Structure formats: structure tokens, C-alpha cells
Amino acid sequence: MQDLGSAFMAAIALVRDGDAGMLAILGLSLRVSLAALGIAAVVGLPLGALLAVARFPGRRAVVVALNALMGLPPVVAGLLIYLLLSRSGPLGSWGLLFTPGAMVIAQAVLVTPILAALSRGVLEALWEEYAEALRSFGAGPWRAVPTLLWDGRFALLTVLLAGFGRASAEVGAVILVGGNIEGFTRTMTTAIALETSKGDLPLALALGLVLMVIVLGVNALAQGLRDVALRRAG
Amino acid sequence: MVKRDLLLGLVLAGLALPAAAQERFITLASTTSTEQSGLFGHILPIFTRDSGIGVRVVALGTGQALDVGRRGDADVVLVHDRAAEERFAAEGYGGPRRGVMYNDFVLIGPAADPAGIAGTGDVAVALRRIAAQRAPFVSRGDRSGTHAAELRLWQEAGTDPVQGRGQWYREVGQGMGPALNTAAAQEAYLLSDRGTWLAFRNRQALRILVEGDRRLLNQYGVLAVSPQRHPGAKTREAQAFINWITGAAGQAAIAGYRIDGEQLFFPNAGEPG
Amino acid sequence: MLPIRAEAVSYAVGGAAILDDVSLVIEHGAPMLILGPNGAGKSVLLRLLHGLLRPGAGRVTPEVPIRGAMVFQRPVLLRRSALANLRYPLALAGVPGPERARRAEAALVEVGLSALAGRPARRLSGGEQQRLALARAAALEPEVLFLDEPCASLDPAATRAVEEIIRRVAARGTKIVMTTHDLGQARRLAGEVVFLHRGRVVECAPAEHFFAGPASAEGAAFLQGDLLW
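Line order of the protein sequences matches chains A, B and C. Take the first sequence: its position 130, counted from the start at 1, is 130 in the working numbering, and no numbers get skipped. Take the second sequence: its position 268, counted from the start at 1, is 268 in the working numbering, and no numbers get skipped. Take the third sequence: its position 177, counted from the start at 1, is 177 in the working numbering, and no numbers get skipped.
Bear in mind the hints are in silico, worked out from the structure with no lab data behind them. Because the structure is a prediction, the values reported are computed rather than measured. We treat Cβ as the ideally placed atom computed from N, Cα and C, and that holds for glycine. The reader is advised that the hints may include incorrect statements.
Claimed, not checked - Reference listing, derived: stretches of chain B covered by chain A, where coverage requires no fewer than 3 residues with Cβ under 8 Å from a Cβ of chain A:
hint	segment
1	53 to 59
2	71 to 82
3	173 to 180
4	199 to 208
Unchecked claim - So, partial list: chain A residues that the calculated Cβ filter (under 10 Å) puts toward chain C:
hint	residue
5	130
6	131
7	152
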């Protein structure tokens with residue numbers, strides 16, 4: 001209880017003092033997670049929409065694989081990216097290992113299957129409703145993809161938030177490929193891991209509280225925008 | 001459209017980050033003990049200020065840090081397992097090895113001290129008593145320098161802890177900090193480097209029980225990754241770092257780092273350590 | 001596009017015949033009303049003629065993916081504004097931007113929805129939604145417009161508004177092919193009647209002949225309001 005109390009006090013102090021180190025770490029966390037989310041959205045959402053409309057042999061297998069990939073252990077994803085980006089690996093010349101770019105890639109790899117699988121589910125229901133009308137307009141599956149993505153935008157926002165949650169909470173992959181380098185690749189989650197291992201549990205928990213408040217804020221903001229837009233656009 | 005542009009901007013912002021950081025830098029693979037004790041936070045800014053070279057520290061166990069060097073993912077390694085360092089150099093991955101500094105290991109345990117080792121001053125005797133009592137002992141179990149040192153000490157004590165594996169001998173496979181957290185929670189004994197112990201905050205009932213034995217010396221060495229093996233390695237900057245840390249300025253910076261007035265690391269680059 | 005011919009078309013789902021050996025010709029002229037009791041196969045016939053379904057046997061010509069435009073019993077409106085709903089199929093049809101805007105606006109005016117142009121389409125009332133769906137299909141200026149029970153769930157006022165629009169579209173030369181189970185509506189709109197019963201075309205006649213005296217017993221029973229199955 002004493003630890004919890006001091007964690008709350010420490011969290012309040014961190015925010016009140018606008019601790020520069022923490023703000024930098026928080027900023028990096030948000031930038032990495034949002035960049036990863038952006039990449040994952042560009043890849044995952046159209047993929048989900050395509051799976052919702054396309055019928056081809058092996059589609060079920062792809063869907064099952066995608067659902068399974070949602071549970072990809074971050075450490076495994078991190079390890080794969082590590083081996084790819086290592087100077088001894090095939091992409092070593094990019095010089096991305098132990099940089100924020102590597103963390104963005106790792107999180108994008110983790111988040112893309114989530115966005116694809118969840119958006120497929122959401123958009124399949126929409127496609128059931130739209131299919132006849134769109135075919136009547138002469139739109140094939142390819143043309144239906146952007147239509148579904150736009151018309152499903154409010155439901156997809158929830159999907160994006162799920163992806164953002166996964167990205168911002170993730171530590172196993174980013175610590176591997178980022179290296180938790182102070183001032184360069186240290187994020188909120190790797191800082192929490194570090195403070196935990198230094199035995200400063202109140203500070204670790206305080207950082208965790210700050211992260212949760214930020215994630216909560218992002219979610220509330222997105223939901224608010226969604227509600228406003230929904231009222232205006234139906 | 002606005003949304004799409006925003007996303008694109010975010011992606012670019014995320015990827016552009018590395019370019020915003022220091023242009024000249026080296027990646028230093030080192031140990032959790034040096035990072036978590038706060039030593040790097042003290043000495044590296046001095047090096048960067050004097051040389052214009054940034055240092056990105058990836059803190060791992062000694063075994064992992066050497067592996068990162070082997071893969072060419074670091075330019076310099078600074079670790080504490082002499083045998084492993086010399087193997088690294090002999091295999092042609094880098095070197096030559098240079099001694100940098102030392103501190104010492106301490107044998108930590110609960111204040112209640114069920115194995116009764118406090119005050120022996122002889123680490124081999126202490127370990128034999130722990131094994132005889134089957135008192136809980138947390139091992140790093142992660143091929144780190146501290147783990148290697150611990151195994152060497154068991155060997156010198158003539159005891160094989162592996163028969164207690166899964167019972168009183170508990171290998172956590174993690175860094176110094178998590179091992180200390182585990183030992184604190186389980187009231188177990190363990191071997192720690194003094195620096196991490198001094199910086200560690202969650203001690204609970206843990207105390208230093210054995211220290212000062214010559215066999216507890218903890219020597220750190222530094223090696224540059226070989227440009228023959230990895231053409232991408234930044235040899236010139238790496239050598240500048242090694243020259244600095246083994247030279248007068250670096251050695252003075254190491255000697256100047258203290259926690260609560262206590263010196264954590266003792267420079268000895270001049271000695272054949 | 002016209003004439004559209006169905007030649008010995010059959011269609012079955014899971015072994016159960018929905019349509020059996022249906023032949024008919026759609027040519028320019030007054031609205032064609034497809035009548036028949038529930039389950040006669042009216043909706044399926046319309047989808048076959050439009051091109052949404054492919055016949056199990058026989059063929060529909062011309063053999064192109066989609067023939068004409070169609071309005072469904074329950075209008076499928078996109079989650080966009082009324083105006084955006086109108087623009088969407090025009091864009092798909094390759095109508096250039098300025099022309100697209102002009103046609104969309106004109107269609108809205110025609111169905112009396114220009115005041116609601118910016119409203120989310122799915123927030124409109126049932127009658128407004130069906131008028132919007134009609135405007136959307138008509139804006140494509142199709143040669144033939146298929147309407148599947150367009151007034152099935154509308155109140156009399158909304159039905160009258162929709163019928164008015166249908167008449168105007170027909171007057172511009174668009175061939176209307178429409179199903180209904182509302183005999184009154186059929187009398188008001190029909191130029192020719194196709195009477196469908198148990199998946200077969202029982203009668204194909206000018207409207208005044210059919211309503212004056214159907215040639216078939218089933219047709220007569222249907223007109224008298226007897227239950228057919």
C-alpha cells in the first residue's frame with residue numbers, strides 16, 4: 001500500500017513538474033506508436049477490407065492465420081525484426097537496428113494483423129449490406145474496398161484504437177530492437193521495465209500511471225471526435 | 001484526405017527521428033551493471049562533450065552484449081568476463097581487449113541469514129554453507145559476466161549448485177535488477193555487483209553479507225568490433241572512445257562517480273588487469 | 001441495352017426451383033409490372049434481368065455484367081450525405097466532375113430533397129430514403145430501371161410521391177420494370193403486365209387486357225384477391 005501511495009505521489013510530481021526526461025520519453029512513445037499505427041493502418045485496413053469482399057480459395061486459411069497472428073508474442077516479432085535489421089542480417093545496411101525506426105517497424109508488424117483481422121470482421125458485415133447495391137452500380141470487389149473503408153470509418157476508429165492500445169503497451173519487441181538507449185530509444189514501457197529492474201517500483205508504477213492516463217486521453221479524444229462526426233455524417 | 005495526410009505525416013515523423021539525433025555516434029553494447037549503476041550517465045556526457053561523438057548504450061548481459069558485437073550491431077563492447085572477452089578477440093570479432101576498471105561483487109542475503117555466512121569473509125566457505133543448508137539462492141542464469149563469475153566461485157568452492165536446480169538454486173535468466181527483485185521477494189542469497197546493489201532501491205530485507213574477498217574482484221574490459229568482420233563498424237570513433245576511457249580523462253571521470261560519497265568503480269587501465 | 005430478352009431462364013436454390021423456363025422480352029414502352037403472389041419468384045426474376053444473378057439454365061441477353069439500374073425494396077444507402085449518395089454511382093459510371101454535380105443536384109431537385117442534400121442519408125425518413133434511392137438510380141439515366149417493390153413499406157403519401165417520380169422517369173423514356181403485390185399500384189402504373197406464378201410466366205399481356213379479363217385461371221383468381229400458392 002505504501003508503494004502504491006508513493007507511486008501516485010510520484011506520478012503527480014512527474015506531471016506537475018513537467019519532468020523533461022519523462023516528457024521526452026513520452027513524446028517518443030507516442031510518436032513511435034502513432035507512426036507504427038499509421039503504417040499498420042495503410043497496410044492492414046485495406047487488407048482487412050479486401051478479405052471482407054474477396055472470395056478465393058484459401059481465404060479461410062488466410063483469415064485463420066491472421067486471427068492467430070493477432071496473438072503473435074511481441075518478443076518473437078522483435079526477434080525476427082532484430083535478425084532482419086542486424087548488420088549481419090539481410091537488411092543490416094539500412095542501419096536501423098537500435099533506432100526508433102526499428103521500433104516503429106516492430107510495432108507495425110505487431111499491429112497490422114490486429115487491424116486487418118478486426119477490420120475484416122467489421123467490414124464483412126457492411127459488405128453484406130452493400131454488396132448487391134455496389135454490384136448494381138458496377139463496382140467489383142476492388143472498387144468496393146475504398147468504399148467500405150470510408151463508409152466503415154466510425155467502426156474502424158475503434159479498430160484503430162485497439163491497435164494503438166497494443167502498440168503503446170508493448171515492451172518485448174521495442175526493447176529488443178530499440179535497445180532501450182537512454183535519450184534515443186527509451187520509451188515509456190522500456191523505462192518502466194528499466195525502473196522495475198532497478199528496484200524503483202514506485203517510479204516504475206508512476207510512469208505506468210502516466211502512460212495509462214495518456215492512453216486514456218487518446219481514447220477519449222478519438223471517441224469524442226467519433227461522436228461529433230457521427231452526429232454530423234450518420 | 002486530411003486524415004490520410006495526417007497519417008502520412010506521422011509515419012514520416014516517426015522515421016525521421018534517427019536523423020534528428022546526434023550525427024556522429026557509436027553504439028556501445030555493455031552490461032546492465034554499468035548502465036544501471038548510473039556510471040554511463042555520469043561519464044558519457046563528458047566524452048561526448050570533448051569528442052563530439054554520441055554514445056548509444058545498449059545494456060545487456062555480458063554474453064548477449066558480446067553476441068551483439070559478434071553480429072556487428074555495436075561498435076564497442078564494454079563487459080566484465082575476461083575469459084569470454086579473450087575468446088571474442090581470439091575469434092577475430094574485435095579487440096585487442098583493454099582493461100578499464102574494476103569494482104567488486106558482493107554476496108547478498110536476507111538479514112536473518114539462515115545459512116549463517118555473515119562475517120566469514122571467505123566467499124567459498126559462504127557458498128558451501130548455503131549449499132549445505134539448501135538455502136534459497138538466486139542465480140542470474142543468463143550468461144552474463146556476473147553469472148560467469150558466480151559459476152567460477154561455485155567451482156572454487158568445490159560445490160555444484162546444479163543438483164539444487166529448481167529447488168533452492170533458482171536461475172531467473174534475467175538481468176541484475178530483476179534477480180535482485182526476485183531475491184528480495186524470496187529472501188534468497190545472490191551474487192551482485194556492488195554498483196547495481198548500491199543503486200538498487202527495492203532492497204527489503206537484503207543486506208551485504210560477504211565482501212572484500214579477493215576472488216570477488218570484478219574486472220571490466222573494453223573491445224572495439226573488428227572492421228574486418230563488419231565493414232559497417234565505426235572503427236575510428238570506437239577507437240576514440242577506447243582511447244578516452246582508458247586514458248587520463250576517462251579514468252578520472254570513472255573515479256569521480258560516487259553514490260552517497262561511495263566510489264563505485266576503480267579505474268585500472270594502466271595495470272595489466 | 002433494349003430489348004432485353006430472357007430465354008428459357010431457370011433458376012434454383014439448393015435444388016428448389018425458383019424460376020422455371022421463363023421467357024420474356026423487355027422493349028421500349030410503358031412500364032412493365034411483374035405481378036404475382038409472394039414467393040412467385042418476382043424478385044429473383046428482376047435480379048436475373050438486371051444481372052445480379054446468373055441463370056442456372058437459359059440466358060438473358062444482351063450478355064453484359066449489369067443491365068440498366070435497380071432500386072431495392074429496402075434502399076441501400078451509403079453512410080454519407082444524400083448528395084454524396086447521388087454522386088457515388090455517377091463517379092463509378094465515369095461521369096466527369098462538373099456533369100456529375102449537375103446531375104446529382106438535378107436529381108435531388110426532381111425528388112424534392114434538395115433541402116436535405118447535406119443530411120446523412122440514413123437519417124432520412126423511409127419515404128425520403130426511397131425517393132433518394134430512386135433519384136440515385138434515375139440520375140444514371142439508364143435505358144431500363146428495375147424497381148423491386150419500391151413502396152412495400154411506405155405509407156400512402158410516400159407511395160404517391162414515389163409513384164409520381166416513377167411516372168416522370170418513365171415519361172423521359174426510361175423503361176420501367178417493376179414488381180409489386182399492390183394491385184392498385186399496378187393498375188395506376190402498368191402499361192404491360194407479366195403475371196408470375198410458382199416460378200412460371202403464366203400471362204404476358206397489355207395492362208388493359210389483363211385487368212379487363214386475365215386469360216389464365218390463376219390470373220383471374222389473383223385479381224379477385226383469392227389466395228394463391
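Outcome, coverage of the segment 53 to 59 of chain B by chain A - at least 3 residues whose beta-carbon is closer than 8 Å to one in that chain: Since three or more residues must qualify, the claim that chain A covers the segment 53 to 59 of chain B holds, with 4 doing so at under 8 Å.
Coverage claim, chain A over the segment 173 to 180 of chain B, checked by counting residues with Cβ within 8 Å (three needed): holds (count 6)
Assertion that chain A covers the segment 71 to 82 of chain B - criterion: three or more residues, beta-carbon distance below 8 Å: Holds, because 3 residues of the segment 71 to 82 of chain B bring their Cβ atoms closer than 8 Å to Cβ atoms of chain A.
Residue 131(A) as chain C interface residue, shortest Cβ-Cβ below 10 Å: Where the cut-off is 10 Å and the nearest Cβ of chain C is about 9 Å from residue 131(A), the hint holds.
Chain A over the segment 199 to 208 of chain B, status - at least 3 residues with CB closer than 8 Å: holds (count 5)
Residue 152(A) as chain C interface residue, shortest Cβ-Cβ below 10 Å: Because about 8 Å separates residue 152(A) from the closest Cβ in chain C, which is inside the 10 Å limit, the hint holds.
When the least beta-carbon distance from residue 130(A) to chain C is tested against 10 Å, hint result: Nearest chain C Cβ about 6 Å off; hint holds.
Checked against the numbered hints listed earlier, the structure breaks none of them; every hint is satisfied.
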